[in-house]
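2 protein chains.
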Amino acid sequence: MKNKIGREIPEEIIEKYEVYQGSFDKEILGRKASPKISRVKPGESKLIESLEDAIVKSGLKDGMTISFHHHFRSGDYIVNKVMDLIAEMGIKDLTLAPSSLTSVHAPLIKHIKNGVITKITSSGLRGELAEEISNGLMEEPVIIRSHGGRARAIEAGDIQIDVAFLGASSSDEYGNASGASGKAICGPLGYAQIDAEYADNVVIITDNIVEYPNMPASILQTNVDYVVKVDEIGNPSGIASGATRFTKNPKELLIADYASKTIVGSKYFKEGFSFQTGTGGSSLAVTRFLRNEMIKQNINASFALGGITKPMVEMLEEGLINTIFDVQSFDLVAANSVSKNERHQEISSTFYANPHNKGAAVNKLDIVILSALEVDTDFNVNVITGSDGVIRGASGGHCDTAAGSKLTMIVAPLVRGRIPTIVDSVNTVITPGETIDVVVTEIGIAINPRREDLIEEFKNLDVPVYTIEELKDKAIEVVGKPERIQYEDKVVALVEYRDGTIIDVIRKVK
Amino acid sequence: MKNKIGREIPEEIIEKYEVYQGSFDKEILGRKASPKISRVKPGESKLIESLEDAIVKSGLKDGMTISFHHHFRSGDYIVNKVMDLIAEMGIKDLTLAPSSLTSVHAPLIKHIKNGVITKITSSGLRGELAEEISNGLMEEPVIIRSHGGRARAIEAGDIQIDVAFLGASSSDEYGNASGASGKAICGPLGYAQIDAEYADNVVIITDNIVEYPNMPASILQTNVDYVVKVDEIGNPSGIASGATRFTKNPKELLIADYASKTIVGSKYFKEGFSFQTGTGGSSLAVTRFLRNEMIKQNINASFALGGITKPMVEMLEEGLINTIFDVQSFDLVAANSVSKNERHQEISSTFYANPHNKGAAVNKLDIVILSALEVDTDFNVNVITGSDGVIRGASGGHCDTAAGSKLTMIVAPLVRGRIPTIVDSVNTVITPGETIDVVVTEIGIAINPRREDLIEEFKNLDVPVYTIEELKDKAIEVVGKPERIQYEDKVVALVEYRDGTIIDVIRKVK
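Taken in order, these protein sequences are the chains called Y and G.
Position 505 of the first sequence, counting from 1, maps to 505 under our numbering, and the rest follow consecutively.
Position 431 of the second sequence, counting from 1, maps to 431 under our numbering, and the rest follow consecutively.
Incorrect hints may have been included.
Derived EDC-like pairs (lysine to aspartate or glutamate); straight-line CA-CA distance at most 16 Å [unchecked claim]: (1) Y:41 <-> G:53; (2) Y:406 <-> G:44; (3) G:41 <-> Y:25; (4) G:32 <-> Y:200; (5) G:270 <-> Y:211.
Derived CB-CB ranges, DEER-like [claimed, not checked]: (6) G:109 <-> Y:25: 27 to 35 Å; (7) Y:248 <-> G:43: 45 to 53 Å; (8) G:59 <-> Y:13: 19 to 27 Å; (9) Y:18 <-> G:11: 45 to 53 Å; (10) G:296 <-> Y:38: 37 to 45 Å; (11) G:272 <-> Y:38: 39 to 47 Å; (12) Y:107 <-> G:230: 27 to 35 Å; (13) G:183 <-> Y:342: 19 to 27 Å.
No wet-lab data here; the hints were simulated from the structure.
Idealized CB from N, CA, C, for every residue including glycine.
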């Protein structure tokens, strides 16, 4: 059976899951999940001597679900450390539900092989682990969820976390935990807050116990069962890079120039507008171009959203941005700013992007700049599987911001090496085309035909405008039509849209 | 039947409720309540033209439960305004579940008489409304809950709020609401946060719509359904008094002197200690005396908790207090400090005092100073019914802080007018004696015999020490034995202990 955007979803998946019906078409019913009520009495200590004791005390058993956050990115020591111990303790058949996994998590492969981990849900997978999973390592397909989708899933009880192991660069002995100070500083713990609220058992893991009370805290004592001190929670150099470099790549600069002109030429670029840009070369360049234009036209932004970088912090400090909503800091400048500037606000993943609350921040976005591995002529976007069909990315906030923002722009080169970016049909859909408005390449832009208003508005724009088919043809002119990737039938991952429906599946590569 | 502390609880109450078993003896089972999942889509507006429209949109119907907060204290316009409208609209049989009610809420009497309100739960009742209820106005007994107990009850689903009407001195059109700025400034909205999280429908009522995003916010957009602008939400002079006066009453100063000496002479007065004092004359004087002693001995407090007053803010600014945990500001200096000083932290009622979470702030208290209308020889404390048996107060955080704190001190004059404060048996028990450590009067202190350590420790204290019976006898020597209050059988209020058990009942006065 094909879902609403024509993706083939196998029968056995349809029996277990709803399929994608449209970006806001799924009906919402029901009530939030109910975490266990636990009491910590006065005088009781939460400090546990060792990680092993904490695992024992948490009551972790075969078949349970455990979670982690990915704020330490490629500097993370926590996931591997905890999983190694759990494996040693002989606990099996666990569901791993981190906010995301990175290339440092290759050691999980052995725990999957040994049956310690039997299910995974994550925003993304990279490196060896991703490769092995794409090659059929797991029996159960991984469920790929966006950041907003994960918050929704936890709130709705689709993910029921038994034990959350949450790293923090500082914590007091009662569990008030923060990522804003300490050796392994990462800034906000926005993806971990929902775990702390909904998990039945919460263990804070830190290398830095500070005096009570550790305020302001990202995770509050009222949600924490245990606190463990370890020697190291992560490698600071892998957690937050010190500096964000400005691209000198001419193609990226050209894309950024067209993207900026499109933004500035739109009705959305006006006093009090809001925006989210990412960390790619083009995105950072857009931020810089926008800044110049804002100064020139004396326009200020009400808020900037997202993963936050140094250029945004500078604009906050210059007064060009009124408020930063930061779910995750991407560099040390951003990580350090959170605790220093009241207008640099930490937000949780549900506040950021949950589609099923009373209005996430993405709903208030005017403009978002997103990247793509592929875009197809239906404007569907792939950010997760490479040109070989192997998983090598993450869903992130891609489909969340695309659905929320008034002007959703994809920046991508027409081709990468010998591979076209604009194609007939993407390998994997993370973000449905109905939520994409403009695709920006180095030769010009394509506007989604659904946005007749923009087609009209951009008629006099100083940017070449093509149809998406024209862009696709131009890509093929350059590199030729790529061969289709060969897949087997086996489904290795389900791509869940932010509302909980299945928008696509990823199959085992041949 | 008598409960564990010998209070007579009628059969019909025992059939419906658990009775008090000891301050930490009730077993905790179960899971948290599950509020409704609601979605606000991008582009949807939450702004409602009128309060009446908001009531209609909220879906309010006969038999539902509605809530309010009491941060506007005697300046509150919201409760009466909303209830008048609801009555006009013909909605009946409502349960009113505000965090507390004050003397300005006498207009509710007519809505009770007309059947608009048929049940009430509140921290307290005062003035005419309290008097009428004590005289049997309502068929169903009011349930008196402490601040921590209310948070617990909402989290446990004992109070299921259908619609919360929450006043805020500023809000943006998407519902990010704050009490820290605007005309009707009140500081934190700590008692309202749990309503926003758990109510199925949340209406923000403000007289001050500000630009999006209104950050930092006490209540977040993700929990808000509607925002209504009205002309006035409260009378600023009734909300927060401008200044806190220092008592010149010699009796109060003597009590404060003894209380301070007791604190300073205890093992708890040391670097990093924590404390909560109240707003009474003696309490404020204790704060001042403590400050002097802290400077003298070079001791700093880790945190101060509670309803917060100017003297505490000054100590924060002097560096004598590291962090203030503020659930409610009692004066304008405190209200203004919250948004200015990062170490002046707003907290929710569940963080403050909920006995059934993973550790509220009261659990970390070293010293609390509390007032009393009466204390009995079992150290039970009454802060709700007057010497005529009529309700005239509130449970507040009394039993919460008493249970949490390592040293719980009651400050009270031996007699008030012709009425003894230390008695054989209090009219009404709000706080059980097992959680009270020391009673301080103007003639000296009495130590709870359960605290053998303190009896030993305070042997050389420069404060007269009596048994509680001696204090009681001395009170009677002065004013004679008071006549027992005459009650009828009818129960007008149930006093719920913070854990949800019934610790006492209040009967109709004759």
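These are the hints, each one checked on the structure:
1. Restraint check: the Cα-Cα separation between residue 41 (chain Y) and residue 53 (chain G) comes to about 45 Å, which exceeds 16 Å; the hinted pair is violated.
2. In summary, the hint linking residue 406 (chain Y) to residue 44 (chain G) is supported, as the alpha carbons are separated by about 13 Å, within the 16 Å threshold.
3. With a CA separation close to 11 Å, the supplied pair residue 41 (chain G) and residue 25 (chain Y) stays within the 16 Å bound.
4. As the CA atoms of residue 32 (chain G) and residue 200 (chain Y) are separated by approximately 11 Å, the hinted pair is consistent with the 16 Å bound.
5. Proximity of residue 270 (chain G) to residue 211 (chain Y) is assessed by CA-CA distance (about 15 Å); at most 16 Å being required, the pair is judged to hold.
6. Distance hint check: the CB atoms of residue 109 (chain G) and residue 25 (chain Y) are about 49 Å apart, inconsistent with the given range 27 to 35 Å.
7. Range check, residue 248 (chain Y) to residue 43 (chain G): Cβ separation about 39 Å, and the 45 to 53 Å hint is violated.
8. Look at residue 59 (chain G) against residue 13 (chain Y): about 36 Å separates their beta carbons, and that is not inside 19 to 27 Å.
9. Taken as a hint, the range 45 to 53 Å holds for the pair residue 18 (chain Y) and residue 11 (chain G), whose Cβ atoms sit roughly 51 Å apart.
10. Residue 296 (chain G) and residue 38 (chain Y) have their C-beta atoms about 42 Å apart, which keeps the hinted 37 to 45 Å range intact.
11. Evaluation of the 39 to 47 Å hint for residue 272 (chain G) and residue 38 (chain Y) yields a failure: the beta carbon distance comes to about 27 Å.
12. Distance hint for residue 107 (chain Y) and residue 230 (chain G): a CB-CB separation of about 59 Å, inconsistent with the stated range 27 to 35 Å.
13. Here the CB-CB span from residue 183 (chain G) to residue 342 (chain Y) is close to 22 Å, well matched to the stated 19 to 27 Å.
This entry does not satisfy hints 1, 6, 7, 8, 11, 12, going by the numbered hints stated previously.
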